[in-house]
Amino acid sequence: MTERPQALFAMTAENVPLVFPSEVLARLRELVDIDPALAAEDLADPALADVLARTEILVTGWGCPRLDAAVLDRAPKLRAVLHSAGSVKGFATPEIWRRGIAVSSAAEANALPVAEYTLAMILLAGKDVFVRRERMRSERAFPGWGIVPGIGNHGRRVGVIGASRIGRKVIELLRPFDLAVSLTDPYVDEAGAAALGVPLVELDDLLRTSEIVTVHAPETPETRHLIGRRELALMPDGAVLVNTARGGLVDTDALVDELRTGRLTAVLDVTDPEPLPADSPLHDLPGAFVTPHLAGSQGNELARLGLAVVVEAERVVAGGAVAHPVAFEALERGA
Numbered sequence: 000m001t002e003r004p005q006a007l008f009a010m011t012a013e014n015v016p017l018v019f020p021s022e023v024l025a026r027l028r029e030l031v032d033i034d035p036a037l038a039a040e041d042l043a044d045p046a047l048a049d050v051l052a053r054t055e056i057l058v059t060g061w062g063c064p065r066l067d068a069a070v071l072d073r074a075p076k077l078r079a080v081l082h083s084a085g086s087v088k089g090f091a092t093p094e095i096w097r098r099g100i101a102v103s104s105a106a107e108a109n110a111l112p113v114a115e116y117t118l119a120m121i122l123l124a125g126k127d128v129f130v131r132r133e134r135m136r137s138e139r140a141f142p143g144w145g146i147v148p149g150i151g152n153h154g155r156r157v158g159v160i161g162a163s164r165i166g167r168k169v170i171e172l173l174r175p176f177d178l179a180v181s182l183t184d185p186y187v188d189e190a191g192a193a194a195l196g197v198p199l200v201e202l203d204d205l206l207r208t209s210e211i212v213t214v215h216a217p218e219t220p221e222t223r224h225l226i227g228r229r230e231l232a233l234m235p236d237g238a239v240l241v242n243t244a245r246g247g248l249v250d251t252d253a254l255v256d257e258l259r260t261g262r263l264t265a266v267l268d269v270t271d272p273e274p275l276p277a278d279s280p281l282h283d284l285p286g287a288f289v290t291p292h293l294a295g296s297q298g299n300e301l302a303r304l305g306l307a308v309v310v311e312a313e314r315v316v317a318g319g320a321v322a323h324p325v326a327f328e329a330l331e332r333g334a
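Its first residue numbered 0, the sequence shown is counted upward by one per residue in numbering that gives the first Met the number 0.
Hints are computed from structural coordinates only; laboratory data are not their basis. Any given hint could be a false lead.
[To be verified] List time: in silico SDA-like cross-link candidates among lysine to any residue, alpha-carbon distance up to 20 Å:
1. K168 - E300
2. K126 - R156
3. K88 - L118
4. K76 - V321
5. K168 - G196
6. K168 - A192
7. K88 - V255
8. K88 - P64
A quick note: this is a predicted structure, and the numbers were derived from the prediction, not measured.
Modelling step: build the complete structure from the supplied sequences, incorporating the hints.
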């Protein structure tokens, strides 16, 4: 039997059984020699010196320590970092790529539940579910069986900000529905948008013409408060803002002011700051539907992230390239 390459978990210990439940862990252990009881949260720990010196594959996740030159010097055989979550920005350093170590992310797998959450919220927002539920709760009265003008998802205009993995997945999931979807993204050209099956428009035009706007851009210094007071003012009366990306993409104070007027409503799975302070008006405004950052992988969805790592490990062990590489150049404008 061929000797299995040494692997090591580098993540918060409590997350290992969540992301790698028994059946997923069993598949991983068929490929590599990895101890599920050993999850390194401090790779500078002298007790890890021996296993780190033999490690060829590092399985990272939430809570992974920073992989700088000092750590990598202790892992001379390392050839792949397989991340069982989305962004690697929190721990990855340029030294990884400088040494030719492959980096893979489960961001593609994590994009699906976020896109599913977004799809659900868009369809519910199109039926004005959030506002009307609040009205029923406050008035304690059923409004009757009459037709409600202005609601519904027949031809409703949806604007997608950002052709990220999640943004693209949202566009894909929206395709079967009778919605008019448009896209804005400075890194996508007309041909790229056409390949996605949507028209490409400028941000201001998207905001002016969309009844529902969903945000899927990365937060960088350039995109902080991408949706500010001026941009919110461009949105038509009754429009809905959905944010599952990063709270800092939206100017919270400006959004609160708009929500107080009742002109706009918002579905927010992320906030700025996060967590939301107990005294934030977003908790009480009837036009704000706020959830506690749960659009990403949760519960049984976490196993999908572990499976993504298993598939990548299969490729690495077989001598192939990872299927979902993270390029160093993409880090600057990525989430």
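Are there hints from earlier that the structure breaks, and if so, what are their numbers? The structure conflicts with hints 3, 7, although it agrees with all the remaining ones.
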